[in-house]
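Could you build the full structure based on these sequences and the hints that come with them?
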Amino acid sequence: MKTFHELNNDITHALGRYEIVYTDISTSVLQAALTISISKEVCQKKMNDFVNYLNDLKVMYQSSLKPGTGAIKLTIFSDFTIG
1 MKTFHELNND ITHALGRYEI VYTDISTSVL QAALTISISK EVCQKKMNDF VNYLNDLKVM
61 YQSSLKPGTG AIKLTIFSDF TIG
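Taking our numbering, the leading residue of the sequence shown gets 1, the next gets one more, and so forth.
To be clear, the hints were calculated from the coordinates, so they are not data collected in a lab.
All residues carry an ideal CB built from backbone N, CA and C; glycine is no exception.
Treat the hints with care, since some could be wrong.
Restraint ranges, calculated between C-beta atoms of paired labels, are given here [claimed, not checked]:
no.: 1; residue 1: T69; residue 2: T3; range: 29 to 39 Å
no.: 2; residue 1: K2; residue 2: G70; range: 10 to 20 Å
no.: 3; residue 1: G68; residue 2: V21; range: 12 to 22 Å
no.: 4; residue 1: G68; residue 2: E6; range: 33 to 43 Å
no.: 5; residue 1: H5; residue 2: Y53; range: 31 to 41 Å
no.: 6; residue 1: K2; residue 2: G68; range: 10 to 20 Å
no.: 7; residue 1: G70; residue 2: T3; range: 25 to 35 Å
no.: 8; residue 1: N55; residue 2: A32; range: 12 to 22 Å
no.: 9; residue 1: H5; residue 2: G68; range: 28 to 38 Å
no.: 10; residue 1: T3; residue 2: G68; range: 29 to 39 Å
The list that follows gives simulated cross-link-like pairs (lysine-lysine, DSS-like), each with its CA atoms no further than 25 Å apart [unchecked claim]:
no.: 11; residue 1: K66; residue 2: K45
no.: 12; residue 1: K66; residue 2: K40
no.: 13; residue 1: K73; residue 2: K2
no.: 14; residue 1: K58; residue 2: K73
no.: 15; residue 1: K40; residue 2: K2
no.: 16; residue 1: K58; residue 2: K46
no.: 17; residue 1: K45; residue 2: K58
no.: 18; residue 1: K2; residue 2: K66
no.: 19; residue 1: K66; residue 2: K46
no.: 20; residue 1: K45; residue 2: K73
no.: 21; residue 1: K40; residue 2: K73
Put into C-alpha cells, the structure is as follows:
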C-alpha cells in the first residue's frame, strides 16, 4: 500500500498527464483524504480516463458538484483501498 505522500504525488502527476484543470488541491489534517476542486470546463474524455486511472489504483473516492460554481469536488481517501 502506498503512503499518503506517494499517493498524493501520483494523483498530482496524473492530473497533469490527463490535462485535468483543477483550482484547488488540499489534504485533510490527518492526511486521510485528498480533496481536489476540478474546473467545470474539464474535457469529459480526459475526466473519464482520470477516473479509470483512479479505479486502477483501487482507491476509494467520492465526487460531487460544488454549489454555485458547477465545479467538481473530488475526495480521494488514502486509507481505504478496494480489493
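Run the distance test for K66 versus K45: straight-line Cα separation, threshold 25 Å. Holds - the C-alpha atoms of K45 and K66 are around 21 Å apart, at most 25 Å.
Outcome of range test on Cβ distance (G68, E6; 33 to 43 Å): This hint holds: roughly 34 Å between Cβ atoms.
Holds or violated: K45 to K73, with C-alpha atoms at most 25 Å apart: Roughly 18 Å separates the two Cα atoms, so the pair holds.
Verify the proposed pairing of K58 with K46, using a straight-line Cα cut of 25 Å. Holds, because 19 Å separates the two Cα atoms, which is no more than 25 Å.
Keeping to a limit of 25 Å between CA atoms, is the pair of K2 and K66 held or broken? 29 Å, violated
How does the Cβ-Cβ distance of K2 and G68 compare with 10 to 20 Å: does it lie in that range? Once the Cβ atoms are compared, 34 Å apart, the range 10 to 20 Å for G68 and K2 is violated.
Falls inside 10 to 20 Å, the C-beta gap from K2 to G70? Because 31 Å falls outside the window, the suggested range is violated.
For K66 and K40, compute the direct alpha-carbon distance and say whether it is at most 25 Å. 10 Å, holds
Could you grab the alpha-carbon distance between K66 and K46 and see if it respects the 25 Å cut-off? Roughly 20 Å separates the two Cα atoms, so the pair holds.
Is the distance from the Cβ of N55 to the Cβ of A32 consistent with 12 to 22 Å? 20 Å, holds
Is 31 to 41 Å a correct range for the gap between the Cβ atoms of H5 and Y53? 18 Å, violated
Holds or violated: K40 with K73, Cα cutoff 25 Å? Distance of about 10 Å is within 25 Å: holds.
Checked against the numbered hints listed earlier, the structure breaks hints 2, 5, 6, 15 and 18; every other hint is satisfied.
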